[in-house]
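A.B. asks: Chain by chain, the residues:
2 protein chains.
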Amino acid sequence: MKIESFFSESIKAALKNDPPGEWMPSLPDDCIRLSSGYPAPHLVPVLQLEEAVVSLLKEEQDLPLHYLGSPKMAKLTEQIKERSVERGMRLSEGELLITSGACQAIDLIARILIDDQTLVAIESPTYMEALEVFQNYTEHFISIPVDEYGLQTEQLEKVLGERKRKGLSLPRFLYTIPTFQNPTGTTMTKERRKHVLELASKYNFLILEDDAYGELYFDEHSMPLKAMDKESRVLYVGSLSKVVAPGMRIGWVAAAPEFINAIAWFKKDLDHPFAQATMASYLDRIDLKDRLNMLRDTYQEKCNVLLSALKQYLPKSVSWYVPNGGYFVWVKIAGVDTSQLLDHALKEGVSYVPGKYFFLDQQEGTEYLRLSFSFADESEIVEGIQKLGKVIERN
Amino acid sequence: MKIESFFSESIKAALKNDPPGEWMPSLPDDCIRLSSGYPAPHLVPVLQLEEAVVSLLKEEQDLPLHYLGSPKMAKLTEQIKERSVERGMRLSEGELLITSGACQAIDLIARILIDDQTLVAIESPTYMEALEVFQNYTEHFISIPVDEYGLQTEQLEKVLGERKRKGLSLPRFLYTIPTFQNPTGTTMTKERRKHVLELASKYNFLILEDDAYGELYFDEHSMPLKAMDKESRVLYVGSLSKVVAPGMRIGWVAAAPEFINAIAWFKKDLDHPFAQATMASYLDRIDLKDRLNMLRDTYQEKCNVLLSALKQYLPKSVSWYVPNGGYFVWVKIAGVDTSQLLDHALKEGVSYVPGKYFFLDQQEGTEYLRLSFSFADESEIVEGIQKLGKVIERN
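Keeping their order, the protein sequence lines are chains A and B. Mapping the first sequence onto numbering that gives the first Met the number 0, position 337 (from 1) lands on 336, and the numbers just tick up by one. Mapping the second sequence onto numbering that gives the first Met the number 0, position 245 (from 1) lands on 244, and the numbers just tick up by one.
Possibly wrong hints are sitting among the right ones.
Which copy? The list can't say, so a pair holds if one copy fits it or any two copies do.
Here are the computed lysine-lysine pairs in the BS3-like style, where the Cα-Cα straight-line distance is at most 30 Å [claimed, not checked]:
id : residue 1 : residue 2
1  : K189      : K331
2  : K288      : K57
3  : K11       : K201
4  : K57       : K74
5  : K80       : K11
6  : K193      : K229
7  : K11       : K229
8  : K157      : K1
9  : K201      : K163
10 : K193      : K1
11 : K165      : K1
12 : K1        : K189
13 : K193      : K163
14 : K201      : K1
15 : K80       : K288
16 : K189      : K201
Calculated directly from the structure, the hints in this document are not laboratory data. Remember, predicted model here, so these are calculated numbers, not experimental data.
If we strip away everything but chain A, and leave its shape as in the complex, we get:
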């Protein structure tokens, strides 16, 4: 019996790609992880989440352990709507769906929007796991460069105009992380935000806005595209992974009810009553604004430590973008293949993510790398960058 002979066309096509997530060697145990896009261990509210569980089960007994029925699940929807107002978005009935993290949200959106001939516009570089998801559905992409002011919308306009003149297909949607982009850490300016919405209207495409980091600003709040969207063209993806805990798997989609209805149709892991009710109970018991302020201060301080260390310990030929929030710093080492350099870095005891993994055409990313200041503590960050400096000088 040949197992593959039973496979659907969609999995056959998807299996042609590299296995998802197989983009980093395994890290030595004592390695300083400047690769990990995780919250710092001490910033995960272990005790409060434990208290939330105890309080929830005392209050609701078995309800959150059944398929449905916990009043806290509706509460979570309300809490997320309240947070959305803080981000400039007023969501109506039927415009919100809770998902198992942002990644499931992106997959479900891909599933309702992408056919095998669909063209998708992405940022270059971009979040590789989203790219991997899209590649399960199509092989047709256009890649638009990102600079220190975010997505180069002038480039996008040029490409769209050319394709239209030539009678080529236009993208069905653009995937963008406008605020504290993964991996570059950069933020799209207000002018470019307006421009990209104008282009969406003119060239009739949708925007998938990934806002996983948007609340982790150091100084200035950036208005999501969704908050500026007058035509329901934006499908917004949010997450509590970066501000509470990724292991709870709480994300969401905010979009027009027609999109939400279609997305919900394919969501077959059902709801996660225990995780959702625990999160609602947790949010009920804390002051989220206080927590966000604490996180902003802490991550800004960690970012500053990283930036100072970069200046002090890295050769002058190395450059980077200065982020205004989020988790990441995007570094360019001219003339160096950062993939090859990683072996040496790991031997020295520091990890990063080689830039090539964030590009559709991996050749474009060989001189770049992504550093995360979220996970390691401040002394590890300094030590990690010292090690990286040594490795660069030696190679």
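Model the placement of chain B on the given structure of chain A, informed by the hints.
C.D. replies: Leaving out everything else, chain B in the frame of chain A:
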């Protein structure tokens, strides 16, 4: 902007069906729920799950709240493998994938096996949520009747033989719940199990075995098809929803590594570290065999109460199958449309699921209904059947 114009072909096709799950009117608050396929509230181990969380977070701190990293997640895999041995299945490396409940497992399997022209064989009647999932991918089904000895494999053989002679397509897989079937409560005999595996080999199809209820036997353990499968034709779906708590969303697929690899590719809700680690911690702290024995005794007693009440309070024209485990009793009321009867039953204060929802051709199910003895307590069961008896006599 016309939102539907952006939809993929797959969601356009799926949206032609009725909305998923929209098959029951909302129940009055004080209704006796003989419709709910939920565990009884007092059988959900609230306190032990709470203790499991407290113990887990004390032991592992933030680890189960990150994307990965809790040693308990690997432990859960081992625990499920141990349970599988009890059910007669020895699973090797790469043959097990944990999912968010059985429903996600079924959806992922559908996604790797079904194209829009694929033929799927189902039992008649069958678990309606699985049928809804399959209908998101194809509209081509053959329906094989179930009797008190489970799937009528002679009928299946006849249909397969005819299709082969006529040059028609053969099914890619058969979806079956061989043990304590939902909704009929019946169990496939050993002879039929052997027969269906022979047919799978002869006509080259796969078997999707749903074993959500298999451990809840009253007297006799039934060997899963997967345990008798020598050709890797069976994809087995298990769940902890019925024996621990549905709200934890822990299910799994056991199948040949090639299937598991393909399924994992499309699983984009990632893992659920907190739920999985909590479940592992819980299973570590209890004696599951003791718990299963307690559940078997309790559900058998509840089933007996239901069967006695049926005999005592229902007219002689009503008949049913006597189950040997699981959650359900399948009832036939000759000459009565159970869908219409439901309105009266709800007014009287008792609910059931009308039979039609379990059939591809709903006309076949009008005289049937599914009663669940899992959720309501014994006095409610008696009272509910008394009410049902009244409603039948009056209408």
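A.B. asks: Determine for every hint whether it applies to the structure shown.
C.D. replies: Consistency of the hints with the structure:
1. Taking the shortest alpha-carbon separations for K189 and K331, only the intra-copy value of 26 Å comes in at or below 30 Å, while the best inter-copy value is 66 Å.
2. Taking identical chains as interchangeable, the C-alpha atoms of K288 and K57 lie at most 30 Å apart whether they share a chain (26 Å) or sit on different chains (27 Å).
3. Only between protomers do K11 and K201 lie at most 30 Å apart by alpha-carbon distance; the minimum there is 25 Å, versus 36 Å within a single protomer.
4. Taking the shortest alpha-carbon separations for K57 and K74, both the intra-copy value of 17 Å and the inter-copy value of 28 Å come in at or below 30 Å.
5. In this assembly of identical chains, K80 and K11 lie within 30 Å of each other by CA distance solely across copies; the values are 29 Å between and 39 Å within a copy.
6. In the homo-oligomer, the alpha carbons of K193 and K229 lie at most 30 Å apart inside one protomer (11 Å), although the nearest pairing across protomers, at 61 Å, exceeds that limit.
7. For the identical chains of this complex, K11 and K229 are inter-copy neighbours only, at 25 Å across copies versus 39 Å inside a copy, given an alpha-carbon limit of 30 Å.
8. For a Cα distance limit of 30 Å, the shortest separation of K157 from K1 across copies, 25 Å, qualifies, whereas the shortest one inside one copy, 48 Å, does not.
9. Within a single copy, K201 and K163 get their C-alpha atoms as close as 11 Å, which meets the 30 Å cut-off; across copies the closest is 54 Å, which misses it.
10. For the homomeric pair K193 and K1, the shortest alpha-carbon distance between copies (22 Å) is at most 30 Å, but the shortest distance inside one copy (53 Å) is not.
11. Proximity of K165 and K1 under a CA criterion of 30 Å is satisfied inter-copy only: 25 Å between copies versus 44 Å inside one chain copy.
12. Taking the shortest alpha-carbon separations for K1 and K189, only the inter-copy value of 27 Å comes in at or below 30 Å, while the best intra-copy value is 55 Å.
13. In the homo-oligomer, the alpha carbons of K193 and K163 lie at most 30 Å apart inside one protomer (21 Å), although the nearest pairing across protomers, at 61 Å, exceeds that limit.
14. Only between protomers do K201 and K1 lie at most 30 Å apart by alpha-carbon distance; the minimum there is 14 Å, versus 49 Å within a single protomer.
15. In this homomeric assembly, K80 and K288 come within 30 Å of each other (Cα to Cα) only inside a single copy, at 14 Å, whereas the closest approach across copies is 44 Å.
16. In this assembly of identical chains, K189 and K201 lie within 30 Å of each other by CA distance solely inside one copy; the values are 18 Å within and 65 Å between copies.
This entry satisfies every hint, going by the numbered hints stated previously.
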